[in-house]
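K.L.:
If you read the sequences in order, they're chains A and B. Take the first sequence: its letter number 105 is residue 104 in numbering that gives the first Met the number 0, and every next letter is one higher. Take the second sequence: its letter number 297 is residue 296 in numbering that gives the first Met the number 0, and every next letter is one higher.
These stretches of chain A come out as covered by chain B in the derived footprint (C-beta under 8 Å, 3 or more residues):
1. 3 to 16
2. 247 to 259
3. 267 to 279
Among chain B residues calculated to face chain A with C-beta under 10 Å, some are:
4. ARG283
5. ALA297
6. GLY394
Hints were generated in silico from the structure; no laboratory data involved. All of these numbers come straight from a predicted model, not from anything done at the bench. In this text, a Cβ means the ideal position worked out from N, Cα and C, and glycines have one as well.
Each chain, written out:
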Amino acid sequence: MDFSLSEEQELFQKTVRGFVAHECPPQTVRAIFDGKRAAVPALAQGLAEIGVAGLVIPERHGGAGLELLEAALVAEELGRGAVPVPFLGHTLATLALARGGSPAQQATWLPRLAAGDAHATVALAEDEGSWLPPAWRVEPANGRVTGRKHHVPEADGADLFVVGCRGGALALVEAGPEVRVTPEPSLDRGRPLATLDLDGAPAALLGGADAAHLVDAGSVLLAADAFGAAHQLVRATVEYLKTRQQFGQPLAQFQAVKHQLANMALEVDPTRGLWWYAAHAFDHAPAEASRAAALAKAHITERAQQVVRDAVEAHGGIGFTWECDVQIWFKRVMFDRLWLGAPELHRERFAAIEGW
Amino acid sequence: MNLQFGEKYEQLRAEVRAFCAESWPLRGAEAKLDERAQAIAWRKRAIAAGFLHRTVPQAYGGAGAEPDVMADTVIRQELDRAGAPHVGSVQGTHMLVPTLLECGTEEQRREYILPTLTGEITWCQGYSEPGAGSDLASLRSRAELVGDEWVLNGQKIWTSQATEADMMFGLFRTEPDAAKPHAGISYLLIPMSTPGIDPRPLKMMQGGVDFCEVFFDGARIPARNIVGRRGEGWKVTKATLKHERMLIGDTTGTRMSFDALLALARAVQRDGRPALEHPVLRQRLAEIAGYVATQEWAVARMLTAFHQGRDMEVLSELLTTKLFGTNLQQMIAKLALELIPDQGLREPDPDEATMSLRGFTRGRWVSQYMFTLAYAIAGGASNVQRNIIGEIVLGLPRDQRPAR
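Excised from the complex, chain A in its bound form (with noise of 0.2 Å):
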């Protein structure tokens, strides 16, 4: 048994974390947070090149063919930087145009999606609530599609969406003027969300594609980064109450603190095995792909919800403000917890997988 990670995926998952801390500190999150999303491009090219935007794409295609765990890996380090660059998205739309396009499909926008020329995301969420399959309406007719989507990541600038659609079937379509994207104020401004306005928009069904898959593939991707987010702020919050002076003395030498950071440490640092089984029964043990996303999702999002909670606590009045960066990391993970659907929903999803 090799319950690890290989030296190729621990050399990329360094790739990434490299990349993460050259290119997008902790200040250049805080501009595009606060608006200023001029490096939000470069980023996103950079990382195409270190091979992220065709992660899930066969090699055939020009990506780099690899599996879910290395796309969960990224996650974790993209949750760990709170790095507010289009992912999420464009890795569950790949991923279905990979498993489920057609020949043609795939030859006319895989390559360019790898390349990171073209940009591809979800459209999932429709009526408060409805984030899987079965409470999805929309519904393609005579070639053409007709309705509303919430809180679709990564709308602005896409030039493709894989749209969810009633019984679980998923649609291919392009940006053009039948698709409307309205930004919606959103709460992680690293991750800005928009509703989508579809009006007879040209959609084409993506034949061998499972909506039940891409909700799992997420459901791992929210807990990678959410353990990654979590898991750099209680190091954070440790690093902070280490400088931070009080009653002539650290605040981390307290043991009321240290007793805090433990137990921020106990729910969060023994998850990763959780999230690293839930990607890879994805890929090699399908039977348990679903029951495993679903727990790493409800658990890993809800432990992580508990320790940023904590980690503003434990900064004090500087961890409330919007000038401290603890809500920008609070804000990912809220984020992580609640699209695709808030625990709730898994762990009921879960409890009806095995049986309960």
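Please build the complex by placing chain B on the supplied structure of chain A, with the hints as guidance.
P.N.:
For chain B alone, coordinates are given in the frame of chain A:
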């Protein structure tokens, strides 16, 4: 990543399974022996076959195998499956034996290791005292060398199985004038039949009896019954404490408890249907399932890392193991009592007040609800664990301990 054990270990699994099929349960005259004698007879065979305590050197009765956590895991899975009595007196097998292997004399190793592994000699641990809990180094029980004997005086407490054990390994102050409290302690091996030793059972909160206070009043043991040098007992214990923590963090215990909780949720009714179908309880069970799976994958990661000699990469998983397992067992027991609230108002029957993770009856859940608190106290209290996580995993400043 490859979650199969692979050909080598599956071959081992087949060998262990064949061994179990042939060796357990015992047959013929042996089947009529009492429970302890049966366990001893089977363990002798399992040790000789190299499937139990396999890393213990051949000179002391083991197989002298290289450490291999994968092999250990496969073997344990098969022994559990067969219901074989492979878990003996854990104080002896998991604490005393490693200690003797590291610090014991040749004579001590030959005298104690094999009989301890088979269960012919059982052990209790004499560490805590009424005035020395988490601050163990403040212990005051004394051993004075008179001629060629140690004369023991004082009191130990929270000593599990003190009335049944054959031997105690214990810490006694032998150098009362040492400059630092840690420096004056020695590690002694004490036959419990020695005159002047009086173990008195303490009734636990759930009504059962497991631990004792043990009084020493001039009890005399041979001078050679010291492990390590005089005054170096503290150093000798370090390996032992580490092993106790690993033991409590074992995941089979939480898996067994969680499976029992699910069985309970199937058996009891809420609103005219099994509690397992109640939306609120499904949520709470799934939340606990997240912790159970977290623990199992953390252990899988640790196993791999140990196997590859990359222990430091799983330091956080390792040092959170005990606290994580404690909290999880408490969560499971608390939810169980919500499923059987009326039972929770009844005092457990005496036979349900003993600690066991097998055969959960409703009364035993009430005991477990209380007994899981012991996990937070024994083997390094939870608040001490939080200090360790804070200081070692997160690199927080060490506690400023008052000068002595």
